[in-house]
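> Chain order of the listed sequences is A and B.
Counting in the numbering used here, the first sequence tops out at residue 159, every number present.
Counting in the numbering used here, the second sequence tops out at residue 136, every number present.
It is worth saying that the hints were derived from the structure and are not from the lab.
Everything numeric in this text was worked out from a predicted model, so none of it was measured.
Here a beta-carbon is modelled for each residue, glycine too, at the ideal position from N, C-alpha and C.
Where hints are given, some of them may not hold.
Facing chain B, according to a computed beta carbon distance under 8 Å, are these residues of chain A, among others [claimed, not checked]: (1) Leu-102; (2) Leu-103; (3) Ile-115; (4) Arg-117; (5) Gly-119; (6) Tyr-124; (7) Gly-128; (8) Pro-134; (9) Gln-137; (10) Leu-142; (11) Glu-148; (12) Leu-150; (13) Ala-155; (14) Met-158.
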Amino acid sequence: MVAQSDFERACLPCYGRVLHLCQRMLGSRALAEELAQDTYLKAFEKRASFRGESSVATWVLSIAHRLCLDQIRKPTRELLVQEPRENPVACPEPARLESQELLNRLSPRSRSLLILRAGLELSYAEIGRILEMPVNQVGVYLQRARKEALEIARAEKML
Amino acid sequence: MKNCHELNLSLYLDGESTEAAEHVAHCPHCQAELEEMRALDRLIRGPGPPTLSWPRPAPRAPIKLWLRAALVLLCLGTLTHLLVPPALPKPERHQVSHGHHSYTIEVRGESAQLLQMDIEDELGTQKVTYARKGTN
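Whenever a hint applies, use it, and build me the whole structure from the sequences.
Below, the structure is given as structure tokens:
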């Protein structure tokens with residue numbers, strides 16, 4: 001069993017990436033913060049099952065990603081609505097809004113791939129672990145995701 | 001050599017394969033597509049990398065010097081009050097006369113008045129006289 005202090009030392013530095021992943025997957029800062037907290041709760045509960053086959057960050061990100069997919073599958077669609085700008089810190093810049101709009105229109109798989117690769121700059125191996133797919137498939141699906149995103153971006157004159 | 005549609009430009013863009021390198025060097029279409037992919041990545045990456053950290057409570061503002069001095073003085077005052085016993089008022093001697101009897105009583109502070117009230121209760125106000133005899 002991993003001690004709480006060791007767990008915190010290993011997991012907390014990747015909180016920014018977890019939050020980033022959740023926010024980009026869901027398009028809502030408030031929901032992302034909630035899910036990031038759930039991620040850490042779940043990671044703490046399951047810390048005994050961490051075998052060290054991947055980095056702690058990858059392991060935590062995979063938990064966050066699974067929670068994001070669960071959230072996306074929920075019937076409510078409110079998560080794609082931009083939150084009110086009550087907090088100036090959370091207020092996204094125009095470029096981020098545009099890219100979020102683009103991500104929201106992608107399939108969950110393409111969205112995940114592009115966020116993990118372009119947003120978080122993870123390696124194919126890390127992406128493979130998070131999405132539970134072989135590394136060679138990551139390249140194939142990433143190519144499809146980029147084509148899908150490029151079509152939307154061209155149509156909307158985002159690039 | 002593979003044609004444009006057979007190549008996976010993502011692998012080349014991400015440095016996972018150099019298979020497309022030769023083709024891209026001579027294909028303006030693929031060069032343009034690569035450039036678009038780079039722009040797409042930049043758009044998704046956003047204005048800055050995620051540099052957020054675990055939310056911590058905001059650091060407390062440093063205590064100002066004058067406030068520190070005031071706190072030190074307050075602590076010293078409290079300590080002094082607790083450790084040093086308060087100075088007792090100087091005793092007063094009163095001569096109490098009742099009939100043929102005369103007593104000298106020594107009282108301090110408010111207790112003089114209280115004692116007078118006690119004596120008056122016992123003996124009756126009319127018959128008691130008081131005379132201050134001076135202090136120590």
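> Now tell me, hint by hint, if it's right for this structure.
Quick rundown of the hints versus the structure:
With its C-beta approaching chain B no nearer than about 7 Å, Leu-102 (chain A) sits inside the 8 Å limit, and its interface hint holds. Annotation: interface hint on Leu-103 (chain A) holds; nearest CB of chain B at approximately 7 Å, less than 8 Å. Given the 8 Å rule on beta carbons, the hint for Ile-115 (chain A) holds: about 7 Å separates it from the nearest Cβ of chain B. Interface hint status for Arg-117 (chain A): upheld, as the beta-carbon distance to the closest one in chain B is roughly 7 Å, under 8 Å.
A hinted interface residue such as Gly-119 (chain A) counts as satisfied when its beta carbon comes closer than 8 Å to some beta carbon of chain B; here the least separation is about 5 Å, so the hint holds. Nearest Cβ of chain B to the Cβ of Tyr-124 (chain A): about 6 Å, under the 8 Å cut. The hint holds. This hint is violated: Gly-128 (chain A) has a C-beta 11 Å from the nearest C-beta of chain B, more than the 8 Å allowed. Evaluation of the Pro-134 (chain A) hint against chain B yields a violated restraint, the C-beta minimum of about 13 Å exceeding 8 Å.
For Gln-137 (chain A), the shortest C-beta to C-beta distance to chain B is roughly 12 Å, which exceeds 8 Å, and the interface hint is violated. At its closest, the beta carbon of Leu-142 (chain A) sits 5 Å from a beta carbon of chain B; the interface hint therefore holds under the 8 Å criterion. Checking Glu-148 (chain A) against chain B by beta carbon gives a least distance of about 10 Å; that is not within 8 Å, so the hint is violated. Because the smallest distance between the Cβ of Leu-150 (chain A) and any Cβ of chain B comes to about 6 Å, under 8 Å, the interface hint for this residue holds.
About 13 Å separates the beta-carbon of Ala-155 (chain A) from the nearest beta-carbon of chain B, more than 8 Å, and the hint is not met. At its closest, the beta carbon of Met-158 (chain A) sits 6 Å from a beta carbon of chain B; the interface hint therefore holds under the 8 Å criterion.
Checked against the numbered hints given earlier, this structure breaks hints 7, 8, 9, 11 and 13; the rest are met.
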